[in-house]
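Read off the chains here:
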Amino acid sequence: MHRFANPGRFLRLAHRLQPWLVTATVIAFAAGLYYALFHSPADYQQGETVRIMYIHVPAAWMALFAYCTIAFASACALIWRHPLADVAAEAASPLGAGFTLIALVSGSLWGKPMWGTYWVWDARLTSFLLLFFLYLGHIALSQAFDDRQRGRRAAAILALVGAINVPIIKFSVDWWNTLHQPASIMRMGGPAIDPSMLVPLLLMAAAFQLFFFAALIARMKAELLSARLRTAMFNRLRAGTTGTAG
Amino acid sequence: MEALSTFFAMGGYAAYVWPAYGVAAIILIAFTIDSWRRVRMAVANLRRLETANMSVKSRSSAPQPARTGTPANGGSDELAGP
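From first to last, the protein sequence lines are chains A and B. Those letters in the first sequence? Residues 1 to 246, per this note's numbering, in order. Those letters in the second sequence? Residues 1 to 82, per this note's numbering, in order.
A couple of the hints might just be wrong.
[To be verified] Some chain B residues close to chain A (C-beta under 10 angstroms, calculated; not the full set): (1) M1; (2) E2; (3) S5; (4) Y13; (5) P19; (6) Y21; (7) A24; (8) W36; (9) E50; (10) N53.
Keep in mind the hints are simulated off the structure, nothing from the lab. For every residue, glycine included, the Cβ atom is placed at its ideal position computed from N, Cα and C.
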């Protein structure tokens with residue numbers, strides 16, 4: 001992990017990795033969308049609405065994955081003061097909020113025809129809405145202080161406290177009565193879903209995952225370059241005030 | 001034509017399926033554009049500062065009448081890292 005602690009090393013690695021990540025993301029989305037929209041059957045109960053699953057489930061997985069990334073990065077930032085951890089957490093936060101919003105909206109659009117309602121205040125949906133607000137809080141808090149370091153520290157603490165919500169979301173469908181169906185992929189005894197639907201789902205999940213990494217690296221790169229710019233500006237100002245007239 | 005309209009009808013669920021894909025597309029495309037713009041702006045700002053620094057240095061080391069153009073390397077070493 002600390003091999004990548006050097007921002008310069010990270011930037012070089014990101015620079016080399018980025019074209020491959022972008023290409024892989026585009027290919028995965030092309031294949032995933034082809035399978036999701038054209039090359040998979042309608043469900044015998046849910047009809048064509050099952051195609052919403054190929055958006056909803058990957059987005060929900062990524063919403064949780066991005067939050068785990070932030071929580072892990074926050075722990076690294078608070079405990080080891082890893083120089084890239086804060087940058088990673090800050091870059092991942094808006095992406096996670098976006099995935100959460102996709103999952104909430106697509107789930108709502110799936111719920112209306114299948115459950116007869118856009119929304120119920122059950123454990124799964126409520127805890128997922130809370131996840132969205134945690135993301136918004138994290139974004140707001142990391143920018144709330146003039147001292148960036150203080151803001152990032154506060155945001156890291158919020159992220160770690162909010163991590164309690166992740167297992168609550170995961171197990172909410174088992175612990176409480178809900179309209180939401182229980183896990184059918186990541187469960188004991190293997191996935192309970194036909195391969196014709198599993199393939200598009202996994203392709204779309206791969207596409208979302210690759211998108212997350214590509215966007216995360218781009219945003220981290222932008223932030224590291226901006227930090228370098230701020231340092232350079234500061235040095236220039238200091239040189240201008242203490243140096244000879246110029 | 002028939003097949004196309006059947007496809008877009010989504011078995012009568014077009015009003016739910018397409019907005020779900022649409023929202024995802026809008027959000028992911030917005031992130032793509034935003035992330036790309038952030039990188040481009042950071043790179044451009046660094047280049048600009050580098051260029052300015054170069055001209056300040058060259059002016060202070062050897063007195064020149066005015067800025068005579070941008071340095072040859074365009075500040076690329078600033079981006080390559082230490």
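Provide an ascending list of the numbers of those earlier hints which the structure does not satisfy.
1, 2 and 3
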